[in-house]
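A.B. asks: Chain residues, written in single-letter form:
Number of protein chains: 2
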Amino acid sequence: MKMKEEWMELALNLAEATIGQTSPNPSVGAVVVKDGQLLGVGTHLKAGEPHAEVHAIAQAGQKAKGADIYVTLEPCAHYGKTPPCAELLVKSEVKKVYIACLDPNPKVAGKGVKILTEAGIEVEVGIGEQRALKINQSFFHYQNTRRPFITLKAATTLDGKTATVTGDSKWITSEKAREDVHEERHKHDAILVGGRNTVEQDNPSLTTRLPPGWKKSNSDYTRY
Amino acid sequence: MKMKEEWMELALNLAEATIGQTSPNPSVGAVVVKDGQLLGVGTHLKAGEPHAEVHAIAQAGQKAKGADIYVTLEPCAHYGKTPPCAELLVKSEVKKVYIACLDPNPKVAGKGVKILTEAGIEVEVGIGEQRALKINQSFFHYQNTRRPFITLKAATTLDGKTATVTGDSKWITSEKAREDVHEERHKHDAILVGGRNTVEQDNPSLTTRLPPGWKKSNSDYTRY
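Protein sequences, first through last, are from chains C and X. 139 is the number that the UniProt record's numbering gives to position 139 of the first sequence; each next residue is one higher, with no gaps. 117 is the number that the UniProt record's numbering gives to position 117 of the second sequence; each next residue is one higher, with no gaps.
With the rest of the complex left out, here is chain C (with noise of 0.2 Å):
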């Protein structure tokens, strides 16, 4: 089990390196393997741009045939900016799929699977399911229930209090604290300020200032 889990790690690191970029597709990652040995690895960097499997079976080739891939997510098996990916599995002979999470989205989730196991070929869901719940945390939730995922910041004092009253507390959040604005801001597709005492106060530009070399941490939307 172990190793499986080790695959499934390096799909789930290719898919956590692309949240903030992605929407509204999901972050998702794929791994191809056959007799202990890496075929291909690929992941999905932007909306209309192929999908994660896409890339790890064109590295594959032929290998591809009686292999194991490692997806992070279900397979899709509607026609959208590109072919279904689970009908690409079937055409690639793969032997085995393994999905971390199924499509939450009840109208989506199995559809995949079954286009693999209507073909005959292996799957096993559940390895690295929680880890590939979170990447796509946003995703997910919209998914069910049609909301947006929302993140509230909010800087306050101990006593509830945003500044004070002469205003030149601008800022009462640590260096880290902004940081994290800025990482926030890169995984959310629109930020929302209040007008009297936010964008006529501090009129703030809102755009996600990264520092050089910068990459979003884990998933971890619920630090605030």
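Honestly, the hints are just simulated from the structure, not real lab data. What you are looking at is a predicted structure, and each value in this text was computed from that prediction instead of being measured. Some hints could be false.
[Unchecked claim] 20 Å max Cα-Cα, derived DMTMM-like pairs, lysine to aspartate or glutamate:
hint	chain 1	residue 1	chain 2	residue 2
1	C	Lys34	X	Asp180
2	X	Lys34	X	Glu124
3	C	Lys176	X	Glu5
4	X	Lys63	C	Glu49
5	C	Lys34	X	Asp189
6	C	Lys114	C	Glu129
7	C	Lys65	X	Glu49
8	C	Lys34	X	Glu49
9	C	Lys34	X	Glu179
10	X	Lys134	X	Asp189
11	C	Lys63	C	Asp35
12	X	Lys176	C	Glu6
13	C	Lys187	X	Asp35
14	C	Lys34	X	Glu184
15	C	Lys187	X	Glu6
16	C	Lys187	C	Glu49
17	X	Lys176	C	Glu5
18	X	Lys34	C	Glu49
19	X	Lys34	C	Glu179
20	X	Lys34	C	Glu184
21	C	Lys63	X	Glu49
22	C	Lys134	X	Glu6
23	X	Lys34	C	Asp189
24	X	Lys111	X	Glu129
25	X	Lys134	C	Glu6
26	X	Lys187	C	Glu6
27	C	Lys176	X	Glu6
Starting from the known structure of chain C, fit chain X onto it as the hints suggest.
C.D. replies: Chain X in isolation, oriented as in the chain C frame:
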């Protein structure tokens, strides 16, 4: 600094996943990043196939211009089965190259960096260096000494014996140790055994027999 280390960690994860399958080449991973967005990933899968940088730059496409690339080993500077990766990075107009470790071979070390810096590309060496050196420990040993990296596997009891007088103590090691043997076989290019006491007595098949989904663990060559 922490952020750059995370991107390099992803590249190192990609490199480590190919230990044992790239000989005589080293295991190398690469990721291309711009404005906190992952633009491409790559790992060298097999000798004769594209280097890590080639995969990563191909995925990034035109966006590689002005981007940073994280590579776990100094980009090659020589024409082998593929053109030099250092020149590919110059042609792609990347802005900065983060290198985990230089090629320890004195005849090669620094040549890739020289091509980059002379083209005006920033270079930073050393992030993740210890892990990078370990991943290619056997490759570097050979490059530096022109002697093979040898792992001695000896199963003995506390009193220094390998079998009882009757010869029926077939396995004095544990199941975990036997798993390790197959893992080590996967990492090594050749296996040397004794003639009379091993081949004649035991006639081992010397194949690498791996459980399904097996993946080599961390590159710890010195655990015995």
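A.B. asks: Would you mind marking each hint as holding or not holding in the structure?
C.D. replies: So, going through the hints one by one against the coordinates:
no., hint, in the structure
1, C/Lys34 <-> X/Asp180, "holds, 19 Å"
2, X/Lys34 <-> X/Glu124, "holds, 16 Å"
3, C/Lys176 <-> X/Glu5, "holds, 17 Å"
4, X/Lys63 <-> C/Glu49, "holds, 13 Å"
5, C/Lys34 <-> X/Asp189, "holds, 18 Å"
6, C/Lys114 <-> C/Glu129, "holds, 19 Å"
7, C/Lys65 <-> X/Glu49, "holds, 19 Å"
8, C/Lys34 <-> X/Glu49, "holds, 17 Å"
9, C/Lys34 <-> X/Glu179, "holds, 18 Å"
10, X/Lys134 <-> X/Asp189, "holds, 17 Å"
11, C/Lys63 <-> C/Asp35, "holds, 11 Å"
12, X/Lys176 <-> C/Glu6, "holds, 17 Å"
13, C/Lys187 <-> X/Asp35, "holds, 13 Å"
14, C/Lys34 <-> X/Glu184, "holds, 17 Å"
15, C/Lys187 <-> X/Glu6, "holds, 17 Å"
16, C/Lys187 <-> C/Glu49, "holds, 19 Å"
17, X/Lys176 <-> C/Glu5, "holds, 17 Å"
18, X/Lys34 <-> C/Glu49, "holds, 17 Å"
19, X/Lys34 <-> C/Glu179, "holds, 18 Å"
20, X/Lys34 <-> C/Glu184, "holds, 17 Å"
21, C/Lys63 <-> X/Glu49, "holds, 13 Å"
22, C/Lys134 <-> X/Glu6, "holds, 19 Å"
23, X/Lys34 <-> C/Asp189, "holds, 18 Å"
24, X/Lys111 <-> X/Glu129, "holds, 18 Å"
25, X/Lys134 <-> C/Glu6, "holds, 19 Å"
26, X/Lys187 <-> C/Glu6, "holds, 17 Å"
27, C/Lys176 <-> X/Glu6, "holds, 17 Å"
Of the numbered hints stated above, none is contradicted by the structure.
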